[in-house]
Amino acid sequence: MADGIKDKVVILGMGCSKFGERWDASPSDLMVEAFEECLGDAGIERNEIEAAWFGAGIDAFHVGASAMPMAIALRLNYIPVTKVENMCATGTEAFRGAVYAVASGACDIALALGVEKLKDTGYGGLPQRSRGVENDMYWPNLSAPGAFAQLATGYRARHRHNKQDLKRAMAHVSVKSHANGAKNPKAHLRREITEQQAIDAPFIAEPIGLYDCCGVSDGSACAIVTTPEIARGLGKEHLVSVKALQLAVSNGTESGHESWDGSYLKTTRIAAQRAYDEAGVRKPAQEISMTEVHDCFSITELVTMEDLQLTEEGKGVTAVLDGDFDAEGKLPCQIDGGLKCFGHPIGASGLRMIYENYLQLQDRAGPRQLADPKLGLNHNLGGFPHQNICSISMIGHL
Amino acid sequence: MAEENELSRGITGFGAYIPQARLQRAVIAEANAWFDASLKGLGRGERSMCNWDEDTITMGVEAAVDCLTGFDGYAPESLYFASTTFPFLDRQNSVVLAEALDLPRQVQALDIGASQRAATSALLALLQGDRDGMVIASEHRRSKAGSRAEMLWGDAAAAIATGGGPALAEFLGGESLATDFVDHYRGGEFDYDWEERWIRDEGYLKIVPETVNRLFENCGVAAGDIAHFILPTDQARTPPAVAKRLGINPSAIVDNQAATVGVAGAAQPLLLLAKTLESAKPGDLILLTGFGQGCDALLFRATDAIGGFKPASGVSGALASGREETNYARFLAFNDLIERDIGKRGETDKQTYLSGYNRRRDLVTSFAGGKCRTCGTVQIPREKYCVNPECNALDSQDPYSFADKQGEVLTWTADRLTFDPSPPAYFGMVQFDGGGKLMMDFTEVREGSIESGSRISVHFRVRQNDPQRGFRKYFWKARILE
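Chains W and U supply the protein sequences, listed in that same order. The first sequence maps to residues 1 to 398 in my numbering. The second sequence maps to residues 1001 to 1482 in my numbering.
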């Protein structure tokens, strides 16, 4: 019987580029920026890396196919490099590959890096792109906000919230993240906003307005992982270990079977329970110190709080408005500013979220530092509410 | 004269479709009178206009469905599709229609075009042949911006059935005349026509009477006995002039609806026939003509069954379902009469991979999903494994049609970011009555009319145009039931 990933692998070092409209930076430049910080943090040489996982989400708009762009950009030493793509879970997928490689004993030190260059499209928002030969014949041309706006209408119908209350809670989600992001020099958007600004902003996809959407940015983040023994051998203290790494992928039930009503994220519920079991967490709302969740849109974050069992089903609106997830609240969420302020370079986001929890656990988060965090949760959701991939990772003190 | 007997042929059903959008003629006049002041005189009333996702085929499907709804499971043996605005010059448009209607593959499907009397010729051929069937006539008219035609014409479709039930109107006889009188022609994109007075005096007033008088003679009918006289034309004064010359009572003239629908080209004869059949009384004689490089004339007599057929909406229902359109720029954009900035999101490749389409034709055109023989779960699309997580049986599904189903909106949005020819793009998750769930586009949404729980019906529409290759994709969309 497999006993899970808990405490088998530790983070040796991490790096994260400045996120934003990096007109001056190529994908290679972004990768190198994150990698240099990561190497320095790990205190190893490039040639000590034995295997690498490379995450990039939308090939056509930046790096191109295969693992070669990363091997070339970082001048890796002809080691095995694997390219992974799993929509918005891509960064966490790269991390999972590297962590599993170390846990298996196949190598001692592995690298995970994610990157995305979204600002070479010539327009705002994520690139408009094909969904495949057959899907394009009958799928709506849904944009990302269009997809997640339906989570809002489905959630609203299920719990009989009125439009104004839900919209105000959604606004609060964004106000909180902007307040956090303003303190983070690596964030893309560093301006505080008011609830009224968020409520009054024009609709992008009703009821999602401009400030309910995360930014669209360029960026890269990476991690070097190894075993606890090797890390200690390298003189590392205050080790941060992987407690859980889970993934749940829709199998078409939500989109095609009436057991799902559109009001929640089924994959998040499944991946969360598996992660809690793997990490030995019994009372998530009490045991988890902080979360970085996939706030592609404010409504996603709100519903995710319920799906992660951090508040009761249907009570997300109240919990958000009560400030439960604010920086000073019971369980801070997006303490770094989240996708909301970092933007969402697809391949990088998962690793960027782990990076923040890693800094927090090492007491290195500067003005954003939380008091004595013990366990951090990262959550990504790729795709659409009715068909998606959810990844959850948890890290904490060894 | 044909005697009433069991073998007599005739019309057994009818249906119609008129796009909901009705462009106000005043806005056309307002935009164009600077160039042609005479347009002001036509600046009252309205004309129908296709939405961006409607065309000759989609309107044809609607008219056919409207007609077939009046029957109890009738599948025509022949399907004649008449138009001068087929989307495809070489791809049998009637076959697309037949698959959208999910008719048996043995159906004799045929396109008939290239004349304003295409529909009357098709109906005549059907009535004089030995198969029963349906003629569908549909026209998405194309005219130059600021033209008189733009004000007088409209988009519409109609369907006439000749089998599947008792004759509502018995076919008494028909005549045709072929003569290359070129009142107008279309050698390129738009029509080119000659002077109206010449067309009236040398065309209608000579060619129609010659044909109709022969028909009267052969059928033993007197002009004064005609109760309904249909002469499709955009010339307001021509039907009275022709009626007078023939000796037909002026009160028998069926109005061409120029100021409510617009004259619908090759669909006009059947649209007016369908309208007439809604109100005809038993015994009424109906004279239907079609004009274009000659003339067709068909004579019918309404039977005692005339009041017994009920299409889903008919012409009167379609007329009543209009909504005012006052934006002339939208009409220009929908009809590709102006080069609009569509934004970079509109630049993505719209290729249809025909081999992939062929695999999914039952889903895309016929809107068929599946019903699991093992657990009974209804689902769409039909995949190899059943979608029910408690079942997941392999190859267990029988085809199951959603084309006639209604349902309700679970989730929805109005997306202003994605590319759509008429933003915002409305779409959402639909739960069908009897099972099955699908994320689909909504069409004809009035702002504020959609909520979770709204009831919907489904309609065959254009999903995407591929201007680079001249192809277009079709799929079914949901429309809010009001």
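Since the hints were made in silico from the structure, they are not lab data. Be aware that a few hints might be false.
Unchecked claim - Below, in silico cross-link-like pairs of lysine-lysine (DSS-like), each with a Cα-Cα straight-line distance of 27 Å or less:
id : chain 1 : residue 1 : chain 2 : residue 2
1  : U       : K1350     : W       : K266
2  : W       : K374      : W       : K18
3  : U       : K1473     : W       : K119
4  : W       : K236      : W       : K266
5  : U       : K1344     : U       : K1405
6  : U       : K1350     : W       : K119
7  : U       : K1040     : U       : K1144
8  : U       : K1405     : U       : K1473
9  : U       : K1244     : U       : K1310
Remember, predicted model here, so these are calculated numbers, not experimental data.
Quick rundown of the hints versus the structure:
no.: 1; hint: K1350/U with K266/W; in the structure: violated, 32 Å
no.: 2; hint: K374/W with K18/W; in the structure: holds, 26 Å
no.: 3; hint: K1473/U with K119/W; in the structure: violated, 31 Å
no.: 4; hint: K236/W with K266/W; in the structure: violated, 39 Å
no.: 5; hint: K1344/U with K1405/U; in the structure: violated, 36 Å
no.: 6; hint: K1350/U with K119/W; in the structure: holds, 23 Å
no.: 7; hint: K1040/U with K1144/U; in the structure: holds, 17 Å
no.: 8; hint: K1405/U with K1473/U; in the structure: holds, 22 Å
no.: 9; hint: K1244/U with K1310/U; in the structure: violated, 33 Å
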